[in-house]
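Protein sequence lines, in the order shown, are assigned to chains H and F.
Each residue of the first sequence is one higher than the one before, starting from 1 at the first, in the UniProt record's numbering.
Each residue of the second sequence is one higher than the one before, starting from 1 at the first, in the UniProt record's numbering.
These are calculated hints, taken from the structure and not from any lab test.
Hints are not guaranteed to be accurate.
To be verified - Using C-beta positions, here's what the derived DEER-type ranges look like: (1) F:Ile778 <-> H:Leu192: 57 to 65 Å; (2) H:Leu204 <-> F:Glu489: 33 to 41 Å; (3) F:Glu116 <-> H:Asp27: 55 to 63 Å; (4) F:His759 <-> H:Glu145: 54 to 62 Å; (5) F:Gly708 <-> H:Leu123: 38 to 46 Å; (6) H:Glu56 <-> F:Gly708: 15 to 23 Å.
As the list claims (entries may be wrong) - Subject to a maximum C-alpha distance of 16 Å in a straight line, what follows is the list of computed EDC-like cross-link-like pairs (lysine to aspartate or glutamate): (7) H:Lys141 <-> H:Asp130; (8) F:Lys470 <-> F:Glu101; (9) H:Lys105 <-> H:Glu62; (10) F:Lys442 <-> F:Glu379; (11) F:Lys442 <-> F:Glu396; (12) F:Lys382 <-> F:Asp339; (13) F:Lys325 <-> F:Glu340; (14) F:Lys583 <-> H:Asp195; (15) F:Lys619 <-> F:Asp577; (16) F:Lys583 <-> H:Glu196; (17) F:Lys25 <-> F:Asp70; (18) F:Lys35 <-> F:Glu101; (19) F:Lys25 <-> F:Glu119; (20) F:Lys35 <-> F:Glu85; (21) F:Lys731 <-> F:Asp636; (22) H:Lys141 <-> H:Glu62; (23) F:Lys765 <-> H:Glu196; (24) F:Lys583 <-> H:Asp264; (25) F:Lys764 <-> H:Glu24; (26) H:Lys43 <-> H:Glu62; (27) H:Lys216 <-> H:Asp147; (28) F:Lys765 <-> H:Glu24; (29) F:Lys35 <-> F:Asp91.
Backbone N, C-alpha and C fix where the C-beta goes; we use that ideal spot for every residue, glycine too.
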Amino acid sequence: MKKLLVIIFMVCWGCETVVDPGIEPDDASLVLNSIINPDSVIKVNLSKSWYVLLDEREQFIEGATIDIYEEDKYLGQLDHDGFGVYTNSNLVPKKGGNYRIEVSKEGYEDIFSEATIPQRPALISKIKIDTILSDGIKRLKFKVEIDDRVGEDYYEFIIFGYNRNYEFNEETGTYLLIDSVNIPIWSETEDLIIDEFQREGTNLDYVFSDNFFEGKKYSLSIDPGIFIYDTSTPQFTTVTVVLRNVNKDYFLYKRSRLLQDWVDGDPFAEPVLVHNNIQNGFGIFAGYNQTEEVITVR
Amino acid sequence: MQNFFRATLLGICLLSAFQELYAQKFTISGYIKDKNTGEVLIGANIYNKENYQGTTSNNYGFYSLTLPADSMKLMFSYVGYQSVEVTLNLDKDTEINIGLEDVVALDEIVISGREEIQEVTQMSKINVPIAQIKAMPALLGEVDVLKVLQLLPGIQSGTEGSSGLYVRGGGPDQNLILLDGVPIYNASHLFGFFSVFNADAINNVDLIKGGFPARYGGRLSSVIDITMKEGNHEKLRGEGAIGLISSKLTLEGPINERTTFLFSGRRTYIDLLARPLIKAATEGDEVAGYYFYDLNAKINHKFSNRDRVYLSGYFGNDDAYSRYKENYDTGVEKVFYEDEFGLDWGNIIAAMRWNHVFNPKFFSNLTLTYSRYRFDIFENYKEERTTPNGVDNEDESISYFSGIRDFAAKMDFEFIPNPNHYIRFGINGINHTFNPGILSYKSTLESDTTLGSFKTSANEFAAYLEDDIKVTDHLKVNAGIHISAFDVEDELYTSFQPRLAVRYLLSNGLSIKGSYAQMTQFIHLLTNGGIGLPTDLWLPSTRKVAPQESHQFAFGLAKTIKKQYEISVEAYYKEMDGLIEYKEGASFLNIDEDWQEKVETGRGESYGAELFVQKKTGKFTGWVGYTLSWSNRQFDNLNFGRSFPYKYDRRHDISITGVYKVNDRIDISGAWVYGTGNSITLPISKYNGFRYEGNFWFRGGNPITYHGERNGYRMRSYHRLDFSISFSKQKKWGTRKWTIGTYNTYSTRNPFFIDIGYHKNGGKKFIQYSLFPIIPSISYSFKF
Numbered sequence: 001m002k003k004l005l006v007i008i009f010m011v012c013w014g015c016e017t018v019v020d021p022g023i024e025p026d027d028a029s030l031v032l033n034s035i036i037n038p039d040s041v042i043k044v045n046l047s048k049s050w051y052v053l054l055d056e057r058e059q060f061i062e063g064a065t066i067d068i069y070e071e072d073k074y075l076g077q078l079d080h081d082g083f084g085v086y087t088n089s090n091l092v093p094k095k096g097g098n099y100r101i102e103v104s105k106e107g108y109e110d111i112f113s114e115a116t117i118p119q120r121p122a123l124i125s126k127i128k129i130d131t132i133l134s135d136g137i138k139r140l141k142f143k144v145e146i147d148d149r150v151g152e153d154y155y156e157f158i159i160f161g162y163n164r165n166y167e168f169n170e171e172t173g174t175y176l177l178i179d180s181v182n183i184p185i186w187s188e189t190e191d192l193i194i195d196e197f198q199r200e201g202t203n204l205d206y207v208f209s210d211n212f213f214e215g216k217k218y219s220l221s222i223d224p225g226i227f228i229y230d231t232s233t234p235q236f237t238t239v240t241v242v243l244r245n246v247n248k249d250y251f252l253y254k255r256s257r258l259l260q261d262w263v264d265g266d267p268f269a270e271p272v273l274v275h276n277n278i279q280n281g282f283g284i285f286a287g288y289n290q291t292e293e294v295i296t297v298r
Numbered sequence: 001m002q003n004f005f006r007a008t009l010l011g012i013c014l015l016s017a018f019q020e021l022y023a024q025k026f027t028i029s030g031y032i033k034d035k036n037t038g039e040v041l042i043g044a045n046i047y048n049k050e051n052y053q054g055t056t057s058n059n060y061g062f063y064s065l066t067l068p069a070d071s072m073k074l075m076f077s078y079v080g081y082q083s084v085e086v087t088l089n090l091d092k093d094t095e096i097n098i099g100l101e102d103v104v105a106l107d108e109i110v111i112s113g114r115e116e117i118q119e120v121t122q123m124s125k126i127n128v129p130i131a132q133i134k135a136m137p138a139l140l141g142e143v144d145v146l147k148v149l150q151l152l153p154g155i156q157s158g159t160e161g162s163s164g165l166y167v168r169g170g171g172p173d174q175n176l177i178l179l180d181g182v183p184i185y186n187a188s189h190l191f192g193f194f195s196v197f198n199a200d201a202i203n204n205v206d207l208i209k210g211g212f213p214a215r216y217g218g219r220l221s222s223v224i225d226i227t228m229k230e231g232n233h234e235k236l237r238g239e240g241a242i243g244l245i246s247s248k249l250t251l252e253g254p255i256n257e258r259t260t261f262l263f264s265g266r267r268t269y270i271d272l273l274a275r276p277l278i279k280a281a282t283e284g285d286e287v288a289g290y291y292f293y294d295l296n297a298k299i300n301h302k303f304s305n306r307d308r309v310y311l312s313g314y315f316g317n318d319d320a321y322s323r324y325k326e327n328y329d330t331g332v333e334k335v336f337y338e339d340e341f342g343l344d345w346g347n348i349i350a351a352m353r354w355n356h357v358f359n360p361k362f363f364s365n366l367t368l369t370y371s372r373y374r375f376d377i378f379e380n381y382k383e384e385r386t387t388p389n390g391v392d393n394e395d396e397s398i399s400y401f402s403g404i405r406d407f408a409a410k411m412d413f414e415f416i417p418n419p420n421h422y423i424r425f426g427i428n429g430i431n432h433t434f435n436p437g438i439l440s441y442k443s444t445l446e447s448d449t450t451l452g453s454f455k456t457s458a459n460e461f462a463a464y465l466e467d468d469i470k471v472t473d474h475l476k477v478n479a480g481i482h483i484s485a486f487d488v489e490d491e492l493y494t495s496f497q498p499r500l501a502v503r504y505l506l507s508n509g510l511s512i513k514g515s516y517a518q519m520t521q522f523i524h525l526l527t528n529g530g531i532g533l534p535t536d537l538w539l540p541s542t543r544k545v546a547p548q549e550s551h552q553f554a555f556g557l558a559k560t561i562k563k564q565y566e567i568s569v570e571a572y573y574k575e576m577d578g579l580i581e582y583k584e585g586a587s588f589l590n591i592d593e594d595w596q597e598k599v600e601t602g603r604g605e606s607y608g609a610e611l612f613v614q615k616k617t618g619k620f621t622g623w624v625g626y627t628l629s630w631s632n633r634q635f636d637n638l639n640f641g642r643s644f645p646y647k648y649d650r651r652h653d654i655s656i657t658g659v660y661k662v663n664d665r666i667d668i669s670g671a672w673v674y675g676t677g678n679s680i681t682l683p684i685s686k687y688n689g690f691r692y693e694g695n696f697w698f699r700g701g702n703p704i705t706y707h708g709e710r711n712g713y714r715m716r717s718y719h720r721l722d723f724s725i726s727f728s729k730q731k732k733w734g735t736r737k738w739t740i741g742t743y744n745t746y747s748t749r750n751p752f753f754i755d756i757g758y759h760k761n762g763g764k765k766f767i768q769y770s771l772f773p774i775i776p777s778i779s780y781s782f783k784f
């Protein structure tokens with residue numbers, strides 16, 4: 001398709017001119033990213049936006065005041081923990097709770113947002129595991145049966161695993177485990193309930209709604225990148241299948257963000273506006289309630 | 001509402017019919033033509049000089065006027081032609097076929113022209129004489145009908161140089177562009193920079209942007225009714241031009257006493273000029289280029305004074321291509337490979353029309369048409385490796401094509417019982433076949449694959465009834481209904497569309513007009529980027545995607561001053577529903593996805609006011625147009641459901657045009673346009689998102705781009721001055737003319753699009769790309 005563009009511009013015989021269209025930089029705004037859940041303390045990452053023509057990734061904001069309210073009742077303040085991360089070890093959100101966050105920092109407009117944690121976690125009724133041969137190597141394939149409740153629900157699916165790294169000991173001629181890091185595992189899917197742009201290539205996580213299986217059971221097919229090369233040095237011994245019941249803001253944010261990444265560089269694609277629920281600023285304040293199933297890899 | 005319209009129409013018809021019963025009347029009918037060429041004059045004025053009762057000729061030059069028995073002086077007039085007065089004693093039905101003579105020195109003669117603007121019930125209609133269109137300055141000297149229409153109020157151009165029309169906030173698909181009654185789906189050549197209409201083959205152009213009479217349907221925003229010439233009835237004539245990028249030739253003349261023909265052809269030759277340069281630069285390995293051509297042909301046969309048949313056709317194609325081939329010998333093997341990439345698109349239309357005059361008051365026309373638009377992007381790759389062991393061949397071809405094909409039949413009737421009624425009714429049916437984007441892959445190494453959306457057939461039907469009623473000397477009403485249906489995928493959509501236009505003439509010659517039109521459109525155009533790519537997809541309404549509908553109200557004032565200046569002011573409000581747009585992130589490049597999964601449906605509204613002052617006669621002709629308008633869209637799943645400006649929402653749009661005839665040999669013309677900049681979506685800032693690391697979320701990932709509101713940034717305003725001067729000279733064999741012109745005379749850097757680029761020092765910056773600086777042109781034309 002690049003040739004099509006070449007032809008178009010060839011036809012225009014390169015008569016473009018370059019001028020400054022006079023677009024002025026916007027003032028920076030506060031950016032708040034926080035996904036809360038009933039299994040961990042509230043943690044917020046605070047940064048600031050930057051003008052699109054600049055390349056300034058490290059934009060932590062320190063010294064901000066962050067107040068948390070639960071059902072309009074003041075809960076407490078978050079403390080800065082370094083690199084723009086704010087937390088409070090006493091503040092653990094509860095299922096079904098509605099939380100309001102207010103952030104103020106001198107030189108910026110105050111920002112605020114609200115998030116509700118889904119009352120009930122998502123339900124996994126069954127996981128079927130198949131072993132398939134992929135280019136001669138064994139690979140696991142999951143079918144995760146979701147038990148959807150009546151009503152509008154949004155989900156996020158992730159597989160975590162402790163990735164085991166080994167070092168070869170030349171003296172003993174064996175491999176030694178040197179570390180084990182819990183990471184989300186890349187996976188693939190061709191399941192049609194997943195948007196086409198999420199089905200392309202590999203992903204760490206998938207978001208989807210229950211539009212196509214409202215109130216019913218549905219088996220989601222996932223091919224995680226879990227290969228079984230050698231039983232003496234397994235990449236994973238267990239993995240954790242995580243299904244999250246996420247709120248609508250989270251779903252819209254995640255989906256639009258993945259879509260924006262996906263179309264990056266396509267000159268014919270319509271611009272994607274990423275969902276934002278931070279008043280006077282940018283980012284996301286949302287919640288989830290999750291279910292985990294640990295799978296032994298063999 | 002529907003019952004009200006039915007009752008009103010019936011009541012007015014009955015009342016008028018009773019009034020006519022008591023006087024003995026006879027009908028004068030016939031055809032009005034150009035005396036020298038025999039070409040029909042559309043919209044010529046015929047009236048009784050005593051009481052100004054009259055009518056106008058239709059699209060075939062036919063007129064019918066029923067008056068009480070009496071002696072009278074009948075006037076026949078048309079813009080640019082010398083009026084003819086006929087004295088007759090009307091005591092029986094009379095046929096008068098009359099030829100009017102065009103005049104060179106228009107200012108020396110009193111011209112009545114067409115029916116004056118304040119007289120007609122129809123509002124929001126503009127006729128631009130084809131001679132005026134041809135006299136206007138043109139990009140690269142190539143006269144373009146649609147570009148001239150862009151200079152009219154209420155009509156906006158799309159991007160720089162393109163022929164797209166955006167009428168009263170509507171999209172480019174909402175224009176019913178008819179060439180001899182046949183819809184043209186893609187009216188663009190050269191990626192939208194030129195239209196497919198060769199002005200030398202055209203007789204008349206009418207544009208309607210509101211208050212649509214019931215006889216028109218199928219589109220929401222405008223009707224552009226273009227009529228081809230019939231061909232000279234008197235002798236063989238020709239005209240042509242040789243320009244910088246193209247040449248054209250038109251021949252017309254009589255085959256015998258009853259038959260005439262017209263043939264017109266045009267071709268660009270950028271490819272022929274550039275081919276040696278590209279070959280030289282690539283040592284003969286590569287060929288690339290672009291050309292377009294179009295052919296118009298028409299044959300007319302008059303079987304009798306009652307029956308005429310017209311056969312017309314249009315064939316046009318654009319071809320952009322690049323071919324590369326290479327041979328080499330490694331000593332071990334000989335390799336030959338060839339790669340060809342191309343983009344082809346074009347229209348074919350054909351029409352057969354049969355006029356039959358049942359009696360002097362009753363005229364009919366049967367039209368059978370075929371229309372096809374198709375584009376094809378393809379790439380063919382061939383590789384041949386010859387080794388001592390044999391020859392290995394690898395062939396691959398990939399093709400992405402889309403298009404629409406129509407077969408249609410239409411029967412129209414015109415019944416003119418008396419000067420107080422002009423009744424039209426008819427039916428039509430169209431069989432559409434849509435190819436909404438199919439990818440075909442063939443390879444000697446892999447199995448053949450076909451992806452995309454498959455063919456869809458649909459049938460569209462319509463019937464209409466309208467009457468142009470003179471209720472009193474001051475009050476005229478055009479009332480009608482248009483009923484249509486669309487049968488697709490076992491779904492039947494129906495639509496009942498009332499139409500009403502009212503004109504009240506005040507004693508000072510000022511008329512007040514109002515209109516209401518409901519329109520339904522069963523087909524959609526899915527367009528990407530707005531740069532007039534031929535890859536835009538024509539699509540049907542389906543079970544998932546409903547038809548488009550609009551309601552338009554217009555109110556206006558019209559007056560002719562000093563018989564020369566037509567002035568109109570109109571205000572309008574238009575609501576549209578069922579509009580489609582690509583989803584955020586969707587692109588026509590995602591060809592393995594069904595088109596219905598890539599679109600959002602939503603609503604639109606547009607409103608504004610237009611001022612139009614036109615002078616059609618005299619040494620100086622031209623117009624001033626001003627539009628103040630707003631056009632917005634609202635889609636539940638775009639821009640977070642918030643209303644946003646349409647891409648071509650243009651607050652102010654001004655055009656000033658003029659053609660001055662210095663003397664018989666020299667004409668000067670100019671056009672200045674100004675428009676508020678287009679709305680675009682532009683990245684404004686960036687910020688960090690979050691991502692997972694371990695089992696907790698974290699700052700990171702690609703930064704998120706914040707675009708602000710959809711179409712929230714307004715590009716700089718657009719303005720341009722075009723100028724041309726032509727020198728004509730009478731020769732023994734005919735007339736020759738040299739035309740020298742400049743497009744964008746003061747070389748404004750008008751915005752085409754904005755992108756992010758880099759400074760020399762590596763920093764990023766916004767860059768506004770412009771297409772055309774000053775473009776001079778020279779062309780030579782001739783006429784014999």
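The hints, checked one at a time:
1. F:Ile778 <-> H:Leu192: 57 to 65 Å: 60 Å, holds
2. H:Leu204 <-> F:Glu489: 33 to 41 Å: Check passed, 39 Å falls within 33 to 41 Å.
3. F:Glu116 <-> H:Asp27: 55 to 63 Å: 58 Å, holds
4. F:His759 <-> H:Glu145: 54 to 62 Å: 56 Å, holds
5. F:Gly708 <-> H:Leu123: 38 to 46 Å: With a Cβ separation near 40 Å, Gly708 (chain F) and Leu123 (chain H) satisfy 38 to 46 Å, so the hint holds.
6. H:Glu56 <-> F:Gly708: 15 to 23 Å: Holds, at about 19 Å.
7. H:Lys141 <-> H:Asp130: 5 Å, holds
8. F:Lys470 <-> F:Glu101: 30 Å, violated
9. H:Lys105 <-> H:Glu62: Cα-Cα ~9 Å, so holds.
10. F:Lys442 <-> F:Glu379: At roughly 11 Å apart (the allowed maximum being 16 Å), Glu379 (chain F) and Lys442 (chain F) satisfy the hint.
11. F:Lys442 <-> F:Glu396: This hinted pair holds, its Cα atoms lying about 6 Å apart.
12. F:Lys382 <-> F:Asp339: 7 Å, holds
13. F:Lys325 <-> F:Glu340: 8 Å, holds
14. F:Lys583 <-> H:Asp195: 13 Å, holds
15. F:Lys619 <-> F:Asp577: Not satisfied, since the Cα-Cα distance of roughly 46 Å exceeds 16 Å.
16. F:Lys583 <-> H:Glu196: 13 Å, holds
17. F:Lys25 <-> F:Asp70: 9 Å, holds
18. F:Lys35 <-> F:Glu101: 5 Å, holds
19. F:Lys25 <-> F:Glu119: Given pair Lys25 (chain F), Glu119 (chain F) is violated - Cα atoms ~24 Å apart, limit 16 Å.
20. F:Lys35 <-> F:Glu85: Holds: Lys35 (chain F) and Glu85 (chain F) sit about 15 Å apart, inside 16 Å.
21. F:Lys731 <-> F:Asp636: Judged against 16 Å, a Cα distance of about 65 Å means the pair is violated.
22. H:Lys141 <-> H:Glu62: Cα-Cα ~44 Å, so violated.
23. F:Lys765 <-> H:Glu196: Status violated; Cα separation ~33 Å.
24. F:Lys583 <-> H:Asp264: Between Lys583 (chain F) and Asp264 (chain H) the Cα gap is close to 15 Å, so the pair holds against 16 Å.
25. F:Lys764 <-> H:Glu24: 13 Å, holds
26. H:Lys43 <-> H:Glu62: 14 Å, holds
27. H:Lys216 <-> H:Asp147: 6 Å, holds
28. F:Lys765 <-> H:Glu24: 11 Å, holds
29. F:Lys35 <-> F:Asp91: Violated: Lys35 (chain F) and Asp91 (chain F) sit about 27 Å apart, past 16 Å.
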